[in-house]
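Trainee: Chains as they are written, first to last, in our numbering: chain A, 5 to 358; chain B, 5 to 358; chain C, 5 to 358.
These aren't lab readings, by the way, just hints derived from the structure by calculation. Certain hints may be false.
For chains that are exact copies, the list does not tell them apart, and a pair is met inside one copy or across any two.
[Claimed, not checked] Straight-line Cα separation of at most 25 angstroms, SDA-like style, residue types lysine to any residue; simulated pairs:
(1) K213 - Q175
(2) K158 - Q62
(3) K158 - T58
(4) K158 - D195
(5) K213 - G121
(6) K249 - L173
(7) K158 - R136
(8) K307 - P344
(9) K249 - G211
(10) K213 - R239
(11) K249 - P330
(12) K213 - A308
(13) K158 - A332
(14) K307 - G65
(15) K249 - R29
(16) K249 - T58
(17) K249 - A294
(18) K249 - G127
(19) K213 - R17
Chain by chain, the residues run as shown.
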Amino acid sequence: MASQVSPSAGAGRCFEDFRLGQTLRHATPRTVTAGDVALWIALYGSRFAVQCSTEFAQASGYPASPLDDLLVFNLVFGRTVADVSQNAIANLGYAACRFLVPAFPGDTLSAVSDVIGLRETSGGEAGVVYVRTRGMNQHGAIVLDYVRWVMIGKREPRSPKATGYLPDLPQALSPNEIGGACPPIEVARYDTTLSGSPRRWGDYAVGEKIDHCQGMTVEEAEHQMATRLYQNSARVHFDQLGAEKGRFGRRLVYGGHVMSLARSLSFNGLENAFHVAGINAGHHVAPLFAGSTVFAWSEVLEKAVIPDRHDVGAMRLRTTAAKDRPCADHPGRVGEGYDPAVILDLDYWVLMPR
Amino acid sequence: MASQVSPSAGAGRCFEDFRLGQTLRHATPRTVTAGDVALWIALYGSRFAVQCSTEFAQASGYPASPLDDLLVFNLVFGRTVADVSQNAIANLGYAACRFLVPAFPGDTLSAVSDVIGLRETSGGEAGVVYVRTRGMNQHGAIVLDYVRWVMIGKREPRSPKATGYLPDLPQALSPNEIGGACPPIEVARYDTTLSGSPRRWGDYAVGEKIDHCQGMTVEEAEHQMATRLYQNSARVHFDQLGAEKGRFGRRLVYGGHVMSLARSLSFNGLENAFHVAGINAGHHVAPLFAGSTVFAWSEVLEKAVIPDRHDVGAMRLRTTAAKDRPCADHPGRVGEGYDPAVILDLDYWVLMPR
Amino acid sequence: MASQVSPSAGAGRCFEDFRLGQTLRHATPRTVTAGDVALWIALYGSRFAVQCSTEFAQASGYPASPLDDLLVFNLVFGRTVADVSQNAIANLGYAACRFLVPAFPGDTLSAVSDVIGLRETSGGEAGVVYVRTRGMNQHGAIVLDYVRWVMIGKREPRSPKATGYLPDLPQALSPNEIGGACPPIEVARYDTTLSGSPRRWGDYAVGEKIDHCQGMTVEEAEHQMATRLYQNSARVHFDQLGAEKGRFGRRLVYGGHVMSLARSLSFNGLENAFHVAGINAGHHVAPLFAGSTVFAWSEVLEKAVIPDRHDVGAMRLRTTAAKDRPCADHPGRVGEGYDPAVILDLDYWVLMPR
Chain A
5 MASQVSPSAG AGRCFEDFRL GQTLRHATPR TVTAGDVALW IALYGSRFAV QCSTEFAQAS
65 GYPASPLDDL LVFNLVFGRT VADVSQNAIA NLGYAACRFL VPAFPGDTLS AVSDVIGLRE
125 TSGGEAGVVY VRTRGMNQHG AIVLDYVRWV MIGKREPRSP KATGYLPDLP QALSPNEIGG
185 ACPPIEVARY DTTLSGSPRR WGDYAVGEKI DHCQGMTVEE AEHQMATRLY QNSARVHFDQ
245 LGAEKGRFGR RLVYGGHVMS LARSLSFNGL ENAFHVAGIN AGHHVAPLFA GSTVFAWSEV
305 LEKAVIPDRH DVGAMRLRTT AAKDRPCADH PGRVGEGYDP AVILDLDYWV LMPR
Chain B
5 MASQVSPSAG AGRCFEDFRL GQTLRHATPR TVTAGDVALW IALYGSRFAV QCSTEFAQAS
65 GYPASPLDDL LVFNLVFGRT VADVSQNAIA NLGYAACRFL VPAFPGDTLS AVSDVIGLRE
125 TSGGEAGVVY VRTRGMNQHG AIVLDYVRWV MIGKREPRSP KATGYLPDLP QALSPNEIGG
185 ACPPIEVARY DTTLSGSPRR WGDYAVGEKI DHCQGMTVEE AEHQMATRLY QNSARVHFDQ
245 LGAEKGRFGR RLVYGGHVMS LARSLSFNGL ENAFHVAGIN AGHHVAPLFA GSTVFAWSEV
305 LEKAVIPDRH DVGAMRLRTT AAKDRPCADH PGRVGEGYDP AVILDLDYWV LMPR
Chain C
5 MASQVSPSAG AGRCFEDFRL GQTLRHATPR TVTAGDVALW IALYGSRFAV QCSTEFAQAS
65 GYPASPLDDL LVFNLVFGRT VADVSQNAIA NLGYAACRFL VPAFPGDTLS AVSDVIGLRE
125 TSGGEAGVVY VRTRGMNQHG AIVLDYVRWV MIGKREPRSP KATGYLPDLP QALSPNEIGG
185 ACPPIEVARY DTTLSGSPRR WGDYAVGEKI DHCQGMTVEE AEHQMATRLY QNSARVHFDQ
245 LGAEKGRFGR RLVYGGHVMS LARSLSFNGL ENAFHVAGIN AGHHVAPLFA GSTVFAWSEV
305 LEKAVIPDRH DVGAMRLRTT AAKDRPCADH PGRVGEGYDP AVILDLDYWV LMPR
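Isolated chain A (complex conformation) (with noise of 0.2 angstroms):
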């Protein structure tokens, strides 16, 4: 009986391997049911109706209740990680992330990536990957389109230095562009008691500074569980033993996590902002670790209609994500930094009931 060693399985890819124009198809589609919803319930206690309640949905104009956004999110970033962040150094940014068809339990999603840029580090050792991702659901329609960009370590650090490439990305997305994934909202059915505020998107004003006011712990048993349900294989969520070599000396708690609290949180404040339609910017600021408590509060940005509807509106937020502060005095940018505490610098855009 012979004995071989196979090529180490599950690796991933070092900068060396990403190509420009490489086309990336995913493993392991998902179906998502109801089961994950319970999940993300119980993971972050997200209370937005229309994801809540199949009759308030329906009431709303949705055929049924849909999945949340970001539930969608981690689900199509968890397809990529394999074979795009495996061994990431860090997840560097978001841009262009648009949600374009509403997803529902009994829906499977998976995910094709192509690299679109690819820049070396100035010392070389490291390379920065930029891939732009497509959320597909069964019946081949396009539900998320986003570009991130990582950081990802060379195989030898001594290697040549490659001709980098830039993608052109926009700094926001166009009120035109979102808006895709929310059906027509049946304005005058949608009951503002049920969802929590009467506070429409009328009600808000440029400048609106709102603090969510509660603060979440984050257990390593919670941000496992979440990380593994979206099937995201990153070592550094889950191996304690090999963190405690590495720069932290702990798990890192998946961003995608922070995300999602900060959404959840969001709710006291913006109980309608019901669809998060896109996504411009995403930044996360420093690394968040369990035992610390996450805090948010938001600013309204812009507000914009969007051609042709009449039912929902478009608000710009940018929600900041803090640990182990609270929000009420809105830590943020500081010079050209952050306040210490900060962790995630959002920009997203939310349709609310006109």
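Here the structure of chain A is known, so what remains is to put chains B and C in place on it, guided by the hints.
Mentor: Leaving out everything else, chains B and C in the frame of chain A:
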């Protein structure tokens, strides 16, 4: 761009914000699914056959496996927190809790509460609010009806003392008020091997004491996931940073989590008590924190026939839960108070096949 | 009101309570749902495409996504604990475990065990009980059939030594005994990009060793939720207070949790091993406690054709799990024993597309 600060969202009501006769229609109706049921089992390990097996439930006379009664209770309770007890200092008690209609996966639960009593504390710095809550399904049928009272801080501790009103509450439900949520049971097809014990209603004696034997250690991630599953947003359960400035220095385990643990532990010795028909009185004697191990024992207080029902009998139980202390010697009342290990004193009616 | 104390409920059997030939029909049949599947993924992060995607499963030849084989195993095992191993000192081994019929969400699993062997320990203070367990679905079809043996304490350590009986157990299942739970696979429609690897049955060599690369740190909340999900009520997994007086001072992680972790980790390198067809032998070499990080590696022991099947081939694997030790150098047997990090030695058959 004008900057303005929103009125604090999700801040909850202070004692002064309640009025006798006020009706609060709570936010976020919730469609309950098989996902919630799986989480219920994962969180408590409940083993009652009617709630676990479609075939067992159908043979017994249910159209499908009903939701566990305490899952229904916790979900209805969760709706009320933002309006009633966001700022509760203590959850003082429950009374007159009746399960009126069975609930099944697919049902949507919503809740309405009436303020039925108000009373200032003797010092005048806080008050007790009594609410009667009804949980409804998507057809408008009342699934659950109960009274609870909570101590709530004042916005202005020196605000003048108001006239109080104390509601008239029954010591216990009468047997002819309970059983509405239990369909006619086909006793001949109720399989006591599959249910876990041959002991039926006739086999228990008033005064009998049952040690439920097992202990269950509670983890932070578990009670947080449970409490979020119920969308109970009370800060004290989630915010370790805030808790460190509070009375206990720890996150407080939601009382409904303790009741659910006690109910699940009670399977050992009460295997055929498949339905909690009503709660006469419930009292959280002492707080529970993660890291403690919960034990429980029960005493049979009373046995009763339900008018016109020959299928099931009612048994009034007093289940006592204790922390970090096995219950083989039945810790309970000591003089005017309790054994220091006791955390829950629950007086309720269960139904069992005759 | 007479006060009486009930016989201890849920106390479980001691060695003296078992008789050769005894049949135990276990309590609490369990309807498995999409909620259980979502929890399975959240607990282990499994990524096998057949179990994750309705469309992938249907294209491959299944009517729907089947339940993960180890979820079925753990659920059937869970039924047996109250009757068989409530008081187990150690779970010694498994043999002759065959998956005979696929199980799907909506199926109800129940279990029956026969006592097929009894043997006192040499000291006479405990005994080993061998049971053969069958898991059935709601149609009465046998889904799973396996033998396990456990060491169980005596009620009376000095009770006279009984005549023992050791069952005859196979070293391994023959390839013609396995595969019943796998429908004919449409190999041409089995998409190896979506499944995560192009490596089919023909691409593996006997003697090949595969490091599954990733490590997974186990939290108390995770193994408790898993073990409760299976309704396995063995005290040692849940009661920290009791554990502090025991051998380890810690709650013991249920062995099936370790097997499930190892199976999920094995996706890296065994992406197309979509079905565990049988377990030849399983041995929990050492206990696992929360806080440890689990790694795994596998060796291909044997490859076999299943009579009359051209769609799939069988591969016999030995998967070894270790704690707090990466498995790149394949820790395993050392002389008569094992590397001190090894916790699980599992010998089983998987099926892969040819």
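Trainee: It remains to establish, for every hint, whether it holds in the given structure.
Mentor: So, going through the hints one by one against the coordinates:
no.: 1; hint: K213 - Q175; in the structure: within (22 angstroms within a copy, 49 angstroms between copies)
no.: 2; hint: K158 - Q62; in the structure: neither (50 angstroms within a copy, 40 angstroms between copies)
no.: 3; hint: K158 - T58; in the structure: neither (48 angstroms within a copy, 37 angstroms between copies)
no.: 4; hint: K158 - D195; in the structure: neither (54 angstroms within a copy, 30 angstroms between copies)
no.: 5; hint: K213 - G121; in the structure: neither (35 angstroms within a copy, 36 angstroms between copies)
no.: 6; hint: K249 - L173; in the structure: neither (36 angstroms within a copy, 45 angstroms between copies)
no.: 7; hint: K158 - R136; in the structure: within (21 angstroms within a copy, 53 angstroms between copies)
no.: 8; hint: K307 - P344; in the structure: neither (29 angstroms within a copy, 57 angstroms between copies)
no.: 9; hint: K249 - G211; in the structure: neither (44 angstroms within a copy, 32 angstroms between copies)
no.: 10; hint: K213 - R239; in the structure: between (37 angstroms within a copy, 21 angstroms between copies)
no.: 11; hint: K249 - P330; in the structure: between (32 angstroms within a copy, 13 angstroms between copies)
no.: 12; hint: K213 - A308; in the structure: within (17 angstroms within a copy, 59 angstroms between copies)
no.: 13; hint: K158 - A332; in the structure: between (43 angstroms within a copy, 21 angstroms between copies)
no.: 14; hint: K307 - G65; in the structure: within (23 angstroms within a copy, 51 angstroms between copies)
no.: 15; hint: K249 - R29; in the structure: neither (32 angstroms within a copy, 50 angstroms between copies)
no.: 16; hint: K249 - T58; in the structure: neither (47 angstroms within a copy, 40 angstroms between copies)
no.: 17; hint: K249 - A294; in the structure: both (18 angstroms within a copy, 20 angstroms between copies)
no.: 18; hint: K249 - G127; in the structure: within (23 angstroms within a copy, 46 angstroms between copies)
no.: 19; hint: K213 - R17; in the structure: between (42 angstroms within a copy, 21 angstroms between copies)
The structure shown violates the earlier hints numbered 2, 3, 4, 5, 6, 8, 9, 15 and 16.
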